[in-house]
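Asker: Protein chains in written order, with our numbering: chain G, 1 to 477; chain S, 478 to 919.
The set of hints was computed from the structure by calculation and includes no laboratory data. No residue lacks a Cβ here, since even glycine has one placed at the ideal position from N, Cα and C. Hints should not be assumed to be uniformly reliable.
The following label-pair restraints were derived from C-beta to C-beta distances [as the list claims (entries may be wrong)]:
hint	chain 1	residue 1	chain 2	residue 2	range
1	G	Asp-109	S	Trp-731	45 to 53 Å
2	S	Leu-773	G	Arg-191	23 to 31 Å
3	G	Asn-149	S	Gly-564	52 to 60 Å
Below 20 Å or equal to it, Euclidean Cα-Cα: the simulated EDC-like pairs (lysine to aspartate or glutamate) are [claimed, not checked]:
hint	chain 1	residue 1	chain 2	residue 2
4	G	Lys-294	G	Asp-311
5	G	Lys-35	S	Asp-780
6	G	Lys-35	G	Glu-145
7	G	Lys-51	S	Asp-780
8	G	Lys-35	S	Asp-749
9	G	Lys-314	G	Asp-298
10	G	Lys-314	G	Asp-280
11	G	Lys-7	G	Asp-30
12	G	Lys-279	G	Asp-323
13	G	Lys-279	G	Asp-298
14	G	Lys-279	G	Glu-251
15	G	Lys-7	S	Glu-842
16	G	Lys-51	G	Glu-284
17	G	Lys-35	S	Asp-753
18	G	Lys-7	S	Asp-749
19	G	Lys-35	G	Glu-46
20	G	Lys-314	G	Asp-292
21	G	Lys-51	G	Asp-109
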Amino acid sequence: MNRQIIKLFGFLLILYALLFGFTSYWSIFDADDLKANQANRRPLLEEQQIKRGDILAADGSAIARSRPVGSGNNRVYVRQYPQGGLFGNPIGYSFVTQGRVGFELSHNDELVGNKTEFLSILDELQGHAQVGDKVQSSLDPSAQEAAVNGLAGRRGSVVAIVPSTGEVRAMVSIPEYDPNQIPKRFAQFNRDDSAPLFNRATQAGYPPGSTMKVVTATAALDSGEFTPSSTLSGRSPVEIDGVPLNNSGGEQFGTIDMTTALTNSVNTWWAQAGERLGKDTMFEYMARFGFDAKPRLDYPGFQLATSGVFDGNKLLGPSDPIDIGRVAIGQERLRVTPLQMAEVAAAVANNGELMEPRLWSRVIDPDGRETRLDPARQSRVMSEDTASTLNEMMQNVVAEGTGTAGAVSGIDVAGKTGTAELSPGVNDAWFIGFAPASDPQIAISCIVERTSGFGGPTCGPIFKAVAESILQGDSGG
Amino acid sequence: MSARTRELFALIPVALLVTAGFTAVLITNSDQLGNLSVLYGGYFLALCVATHIVIRIRLPDADPYLFPLVALLAAFGMVMLFRLDEGLARDQANWFVLGLILFSATIIFLRPYEALERYRYVIALAGIVLLIMPRFLGHQTNDAFLAVDLGPITFQPTELAKICIVVFLASYLNEHREVLVVGARNVFGLVLPPIKHLGPLLVVWGAAMVLLVFIRDLGSSVMFFGAFLALIYVATGRLSFVVIGLAMFVIGAWFFAQTAPHIQERFDIWLDPFHDAGGSGYQLSQSIFAQADGGLFGRGLGDSLVQLPGCDSGFPDRCAILPAPHTDFIYAVIVDELGLFGGAAVVLIYALIAERGYKTAILAEDGFSKLLATGLTTIFALQAFVIIGGVTRVIPLTGVTLPFISYGGSSIIANFVLLALLLMVSDKARRRVRLQSQTRIG
């Protein structure tokens, strides 16, 4: 019987070897995949035990902070948003059951203090608990408030960017939500037809209307095809791509120069200019402004929409059949985000150089060490000459054209209005611009959705309020 | 150095391990270091030494490593339970003491153990009664009838039944193994045992099927039937009997899986635990996620995530991320906290115990002793395989305890009785070997 007993033991060892093999598979070889498994809530639960860093506004006030719940080993931190819905969409939220979005998601690594493996082992040996870094945002509470008050409950969005650095000073999307309500009312927000969880500033694609003429003017001037005194006919209608195009209200203009055409936003003039420039030139300049790619904002990719000409969900290029004349005046199948149009204004304001937009400005680690972010150049959109010419033309729009409502007393403003007619009497009203025109401190885009009003009268006052808030804050501080 | 002295010296590092383990847990939990862990280590050593003295008096020649290895498993279990919940460790310590008392009582009063042979049918009957008792007196856990309520405590009769069944099989096969072999006939190339002697063996197969369907305890069923096949193989030397038995078991299990949805579901979960990771596959996928967190060296005692953060409504019954971390899934917690190294150490200890057990069987002279030692060792080692295999997805998950480590009184007590029997067989076998070599030298 002894031989059989030895064989039996051998068989048992094989079984035990299987146990060892499977244990090593789960704990070592397949561990990374398992940790990334959707059903694995352990990483989320563990992060909940880390004191997540605060998010600060530009003025140092707290936008988000973590409050401890429970005690001892069982302590967890729950996110609180002391300023309620003021920063709802841009900052987002972070909760165990609903996950994370917005700034909370894109800066998660800093906020939970994720470091390199080596540094975290050192910390562990020294007995330090993992603590997240504070992250300061460039968003300014008074500018946010000015924008929220300006929109006054109307659906729409405002984005304000510092042209020389790309810092986003204001990002508002109405309707807004209070992130403190997310754990209780997430499902309700999600069902809501007004889409409060949808960040219009970065996710919504609107027809830009005449604000697109800033892009067209850049292409016209910078390519050398046009000068401010170049003339075209401003009569109405004009046949564009085989279909008659009218000026707003059917207004007739004679043969006028470019400055006049921009000041009065003459559709037929600009559509002809667009056809003259052609698709390749138009798309070249659109790309320089950041169209046809996701904005380089420090924001989750799924919450960033690309601006461009779309057929359904398909992004079109210069080789596709496109009515470029109507693209030049912001019609056709052009869809742009408020963020993109703020970048257009900012590029003109910053002497033709586009800076990468960004929502964060500083990271402060638990020991108080600061890391400031250097501004980063995105692209040279146009020459400095083109920029200064366009700047003057856009000042004219506000001084005597469609954008007079955006004028700020005592300060020169450059701007462009836009009114995209969705159906008779229903418009998306736009204003983009910057101030002061001689030394631009802030570039702003504003849109009010589905309103009966026009771009200038609707968005001009909002532009003015936000610009004043930021410029006063600058001079005061 | 005598066997007993070796045993005594081996117990000292085990007690140190208890001290070290408790120290680690205490530091992680409270950042405080008192003399508490030294005290626990001292108690543990005192209990083991007391038991060692009983073994020294009654079984001076017994295997010197079995008891320290079992003490090592118990130490492992105690530290893990202390890490999960102080109350669990306290209960377990009480069971451990009771187990040692029953272990000593078995050694002192059951002499000679060969007397068991005479009562084999009574013992078999007792085993069967124990097996089916939960169906009538017990309650269901996870659809299976596993425990009987005895006043304030619950008792798992299968743990004791496994010893009864092994004693019966060892005795029966010892008497009939020759007829089984000699009377075997070749039918269409298959070596079949004679029909006349097949009856009792069919009864065992039937009992395994009853376990499967009536008690719905797949784990115990596999364990019992595995030990049975191992004994048949060792007793007769015929692999064909094992193949036939295995085929019968698989066919039976397959047939009943059609009618019993719980068996079918166990298989589905085994094949794809992540398919319904939030529902039926929750336990197994959480077990695997816990092991993934462990890595090579684990997260350290007390540092893994076992409790849902912020949940204060009771642990481990509620609030546990991985369900049953103190019983069925304790191996996953060990891998989480001590890594692949910790898990491998546990498996290695069981392998070493099996090695000592089979060595005892080889040294034993008479057939009954050989088969008894083989059966006890096999059923013990298979139990560890069935639960670790279930937790690591080697085989479908079934609820049996991890011997000497899992929380639970019935398991500790029954396994200490099993160890007592094994040591008694060992004592007799090794005494003969010692006397023979002395005579030769003399």
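Asker: Look at each hint and say if it fits the structure.
Answerer: Hints and how they fare:
Hint check: Asp-109/G to Trp-731/S, Cβ distance near 51 Å, so the stated range 45 to 53 Å holds. Checking the proposed 23 to 31 Å range against Leu-773/S and Arg-191/G shows it is violated: the Cβ atoms sit about 47 Å from each other. Separation of Asn-149/G from Gly-564/S is about 58 Å and conforms to the stated range, judged on CB atoms against 52 to 60 Å. At most 20 Å may separate the alpha-carbon atoms for a hinted pair to count; Lys-294/G and Asp-311/G meet this at roughly 17 Å.
Under the criterion of a C-alpha separation no larger than 20 Å, the hint pairing Lys-35/G with Asp-780/S is consistent with the structure, at around 17 Å. Simply put, Lys-35/G and Glu-145/G have alpha-carbon atoms about 41 Å apart, too far for the 20 Å limit, and the pair is violated. Under the criterion of a C-alpha separation no larger than 20 Å, the hint pairing Lys-51/G with Asp-780/S is consistent with the structure, at around 17 Å. Only pairs whose Cα atoms come within 20 Å are accepted, and Lys-35/G paired with Asp-749/S is accepted, the gap being roughly 17 Å.
For a cut-off of 20 Å, the pair hint linking Lys-314/G to Asp-298/G is broken: about 24 Å separates their Cα positions. A distance of roughly 18 Å separates the Cα atoms of Lys-314/G and Asp-280/G; the hinted pair therefore holds under the 20 Å criterion. For the hint pairing Lys-7/G with Asp-30/G, the CA-to-CA distance comes to about 33 Å; that exceeds 20 Å, so the pair is violated. A threshold of 20 Å between alpha carbons decides the hint, and for Lys-279/G with Asp-323/G the separation of about 9 Å falls inside it, so the pair holds.
Proximity of Lys-279/G to Asp-298/G is assessed by CA-CA distance (about 31 Å); at most 20 Å being required, the pair is judged violated. Among the hinted pairs, Lys-279/G with Glu-251/G is inconsistent with the structure: their alpha-carbon atoms are about 27 Å apart, more than 20 Å. The hinted pair formed by Lys-7/G and Glu-842/S meets the criterion: a straight-line CA distance of about 19 Å does not exceed 20 Å. Restraint check for Lys-51/G and Glu-284/G: not satisfied, since their Cα atoms lie roughly 47 Å apart, outside the 20 Å limit.
This hinted pair checks out: Lys-35/G and Asp-753/S have alpha carbons roughly 17 Å apart, not beyond 20 Å. As the CA atoms of Lys-7/G and Asp-749/S are separated by approximately 33 Å, the hinted pair breaks the 20 Å bound. A threshold of 20 Å between alpha carbons decides the hint, and for Lys-35/G with Glu-46/G the separation of about 12 Å falls inside it, so the pair holds. Distance hint between Lys-314/G and Asp-292/G is fulfilled; the C-alpha atoms sit about 11 Å from each other, no more than 20 Å.
With a CA separation close to 13 Å, the supplied pair Lys-51/G and Asp-109/G stays within the 20 Å bound.
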